[in-house]
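Student: If you read the protein sequences in the order shown, they are chains A and B. All residue numbers for the first sequence refer to the working numbering, where the first residue is 1 and numbers rise by one. All residue numbers for the second sequence refer to the working numbering, where the first residue is 1 and numbers rise by one.
Read the hints as simulated data drawn from the structure, not as lab findings. Owing to the predicted nature of the structure, the values given are computational and were not obtained by experimental measurement. Watch out, some of these pointers could steer you wrong.
[To be verified] Label-pair distances were calculated between CB atoms; the ranges are: (1) L254/B - D144/A: 48 to 54 Å; (2) E259/B - D17/A: 37 to 43 Å; (3) R244/B - D17/A: 27 to 33 Å; (4) R227/B - A74/A: 47 to 53 Å; (5) R300/B - R151/A: 47 to 53 Å.
Ideal placement from N, C-alpha and C gives every residue a C-beta, glycine not left out.
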Amino acid sequence: MTTSDLHAPVRLLVIEDDQETADEIVSEFSEAGYEVRHAADGPQGLALAGGGNFDIIVMDRMLPGLDGLAILGALRQAQISTPVILMSALGDVDERVRGLKAGGDDYLTKPFVMAELGARIEALLRRPALSRETVLRVGALEMDLIERTVRRGAREIELLPREFKLLDYLMRRPGQVLTRAMLLENVWNYRFIAETNLVDVHVGKLRKKIDAPGEAPMIQSVRGSGFMLIANG
Amino acid sequence: MPPGAVLSLTRLPMFRLALLYSALFAFSTLVLFAFIYWQTAVVEIQRVDGQLLHDAQFLGNLKPSDLKDTIDNRVMPDFRRVAHAGLFGPDGARIAGNLPSLPDNLKFNGTVHRVNVPAAHLTIRAVGLPLPDGTRLVIGRNVESLDNLQTVVIHALELGLVPAVLLALGAGGLASQRTRKQLQKVHETAERIMKGDLRERLPTHGGGDDLDRLASSVNHMLDEIARLMDDMKSVGDNIAHDLRTPLTRVRARLERARESASTQEEWQVTVDRAIAGLDQALRLITALLRISEIEGGRRRAAFEMVALHQIASEIAELYEPIAEEKEVAFSLSLAEAPLIAGDRDLLSELISNLVDNALKFTPAGGRVRLSLETGPGGLILAVTDTGPGIPPELHEAVFQRFFRSDASRSIEGYGLGLSLVDAIAKLHGFTLEIGDNNPGCVFILRCCE
Numbered sequence: 001m002t003t004s005d006l007h008a009p010v011r012l013l014v015i016e017d018d019q020e021t022a023d024e025i026v027s028e029f030s031e032a033g034y035e036v037r038h039a040a041d042g043p044q045g046l047a048l049a050g051g052g053n054f055d056i057i058v059m060d061r062m063l064p065g066l067d068g069l070a071i072l073g074a075l076r077q078a079q080i081s082t083p084v085i086l087m088s089a090l091g092d093v094d095e096r097v098r099g100l101k102a103g104g105d106d107y108l109t110k111p112f113v114m115a116e117l118g119a120r121i122e123a124l125l126r127r128p129a130l131s132r133e134t135v136l137r138v139g140a141l142e143m144d145l146i147e148r149t150v151r152r153g154a155r156e157i158e159l160l161p162r163e164f165k166l167l168d169y170l171m172r173r174p175g176q177v178l179t180r181a182m183l184l185e186n187v188w189n190y191r192f193i194a195e196t197n198l199v200d201v202h203v204g205k206l207r208k209k210i211d212a213p214g215e216a217p218m219i220q221s222v223r224g225s226g227f228m229l230i231a232n233g
Numbered sequence: 001m002p003p004g005a006v007l008s009l010t011r012l013p014m015f016r017l018a019l020l021y022s023a024l025f026a027f028s029t030l031v032l033f034a035f036i037y038w039q040t041a042v043v044e045i046q047r048v049d050g051q052l053l054h055d056a057q058f059l060g061n062l063k064p065s066d067l068k069d070t071i072d073n074r075v076m077p078d079f080r081r082v083a084h085a086g087l088f089g090p091d092g093a094r095i096a097g098n099l100p101s102l103p104d105n106l107k108f109n110g111t112v113h114r115v116n117v118p119a120a121h122l123t124i125r126a127v128g129l130p131l132p133d134g135t136r137l138v139i140g141r142n143v144e145s146l147d148n149l150q151t152v153v154i155h156a157l158e159l160g161l162v163p164a165v166l167l168a169l170g171a172g173g174l175a176s177q178r179t180r181k182q183l184q185k186v187h188e189t190a191e192r193i194m195k196g197d198l199r200e201r202l203p204t205h206g207g208g209d210d211l212d213r214l215a216s217s218v219n220h221m222l223d224e225i226a227r228l229m230d231d232m233k234s235v236g237d238n239i240a241h242d243l244r245t246p247l248t249r250v251r252a253r254l255e256r257a258r259e260s261a262s263t264q265e266e267w268q269v270t271v272d273r274a275i276a277g278l279d280q281a282l283r284l285i286t287a288l289l290r291i292s293e294i295e296g297g298r299r300r301a302a303f304e305m306v307a308l309h310q311i312a313s314e315i316a317e318l319y320e321p322i323a324e325e326k327e328v329a330f331s332l333s334l335a336e337a338p339l340i341a342g343d344r345d346l347l348s349e350l351i352s353n354l355v356d357n358a359l360k361f362t363p364a365g366g367r368v369r370l371s372l373e374t375g376p377g378g379l380i381l382a383v384t385d386t387g388p389g390i391p392p393e394l395h396e397a398v399f400q401r402f403f404r405s406d407a408s409r410s411i412e413g414y415g416l417g418l419s420l421v422d423a424i425a426k427l428h429g430f431t432l433e434i435g436d437n438n439p440g441c442v443f444i445l446r447c448c449e
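The following block holds chain A by itself, in its conformation from the complex (with noise of 0.2 Å):
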């Protein structure tokens, strides 16, 4: 796992009250460079937030006190625009509307493995800025927005319109792990695990077209996490 910024550690803050959830992850992301900080209800946490000294947090949907929606809206209320993911138990899929309209930046079902997590929270730290470019670079590799056009090097690369989207995704994400489920949901608008391998076929797909024989790869498979294009060549 990598911080976003070699200078100065990512301060988050998790908001959990389960102990041994919120142990991984503290443990997790204090390994991985974080500073983490821990609050196991509501009120402390919403006192923690509203400090605003965070990057990032992470909180449960439910937490004794005050609820996660609530504290969300006050932190909105009071202008502090911290990136939050929320965290929920399965079973309150349509909570996730919710979570989201009250201001929530991402919406997490619990059971989640911690990549997922790493994943979504690394995504919220360098979301990437609205630019008027027109032309996307990683590398050797550009994609012409106007023209719909992909080069690498020299080479045309012809991209079918679904290819062309998933690249679009990936080129606007260097060097950032995006899981299955982060592709599914915002490339396909698809918001369910789908049994099949269905994202793997489509990665496949692209990377026969992005990564000649010879090439170096610049699409690599994250093991256990999923996909990240690098500027490779």
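Given the structure of chain A, go ahead and fit chain B onto it with the hints provided.
Tutor: Just chain B now, with coordinates in the frame of chain A:
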């Protein structure tokens, strides 16, 4: 109420009703009879009193010499001994008439009142009149007939009212007793059912009365509960089985690794596999929770207007590479459809499950087609494949949780996809049918506009 307690008669509504009606009937009859009696008696007494006053006036105006004869002539021929008269001296000795002595408590003031004549064992209405010569005239009339009337009325009451009340109470009691027995049976049966014997049914006689209808409704409800319990049980068995398989594997792997793994790499492989096994178990639980969440219907609150053709085209895009990999020709024919109210995420899951299923079962070289058209009854979404098809007798069964046909057992899956599809369709009020594609099958989703 303790088991088998005997319901007391008065606690039964039917008997209480009978009791109440009897009391009301008795009361109104009493009032009626009392009214009749009172009216008759008053009118009769007024008539008698009027006559007596008239007679007294007439006699009082006679000359004393005529009076004695007149009295004797008047009263002596009265064989019915209704009329009474007497002329008494100042000392109270009888001079004429059929009254042996002066009646007790007779006031000589010219008004008619009720007096006793002890010497004759009589009670009469009489008027006393003092005459100028010092003698006293008494004229009376026997009103025994009024007493008789009272007797008759009371007798009639006894004859009519008492049997009627007794009959009503008896009938009420009998009916209540029957109801009580029936209820007692129902109660006992309910006790047995509560103790867990769901095969028990309440007794019915086919009489079609209220209790019978209630009993058969309860029986229908019990049938449904028993069916649901069976479903739950088989679902429970299946969950247990489907969870045990991956968990047993995980356990075995971990155990083996503890004994034999020596390198870091071997450990990692084992742990990865264990995690994959646990993920499989978690996915199963997630799918089940989602089905029950959808069946709970809470998501209907989140409905918005969605374009089905757009969702279908997104799903098609998602599955195209899978079809290519499998060498299945995937074709698309989507008519632009009017917006419908629905849950976007769930509908995309529904379509993706149908497409996923079709691709799974269609062998290489086959065809899968996703189409959406607007028919007269609304939108029709169809997913057609050229796989092995589903025999008609299984068309219902495939929507049950954990159903896997023998043919599909070799293919990965939990047998939950189609139950999910079914639950989502029901949530939206859509109907889902399975048809034959010869070869293969077609899933047809009809959405009302």
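Student: Taking the Cβ atom of L254/B and the Cβ atom of D144/A, is their distance within the range 48 to 54 Å?
Tutor: holds, 52 Å
Student: State, for the Cβ atoms of R300/B and R151/A, whether the hinted interval 47 to 53 Å holds or is violated.
Tutor: For R300/B and R151/A the Cβ distance comes to about 49 Å; the hint holds.
Student: If I claimed the Cβ atoms of E259/B and D17/A lie 37 to 43 Å apart, would that claim hold in this structure?
Tutor: holds, 38 Å
Student: Could you check the hint for me, namely that R227/B and A74/A are 47 to 53 Å apart, CB to CB?
Tutor: Taking Cβ atoms as reference, R227/B and A74/A lie about 49 Å apart, which means the hint holds.
Student: Starting from the hint 27 to 33 Å, judge whether the C-beta atoms of R244/B and D17/A obey it.
Tutor: Holds: the Cβ-Cβ distance is about 31 Å, inside 27 to 33 Å.
Violated hints: none; the structure is consistent with every hint.
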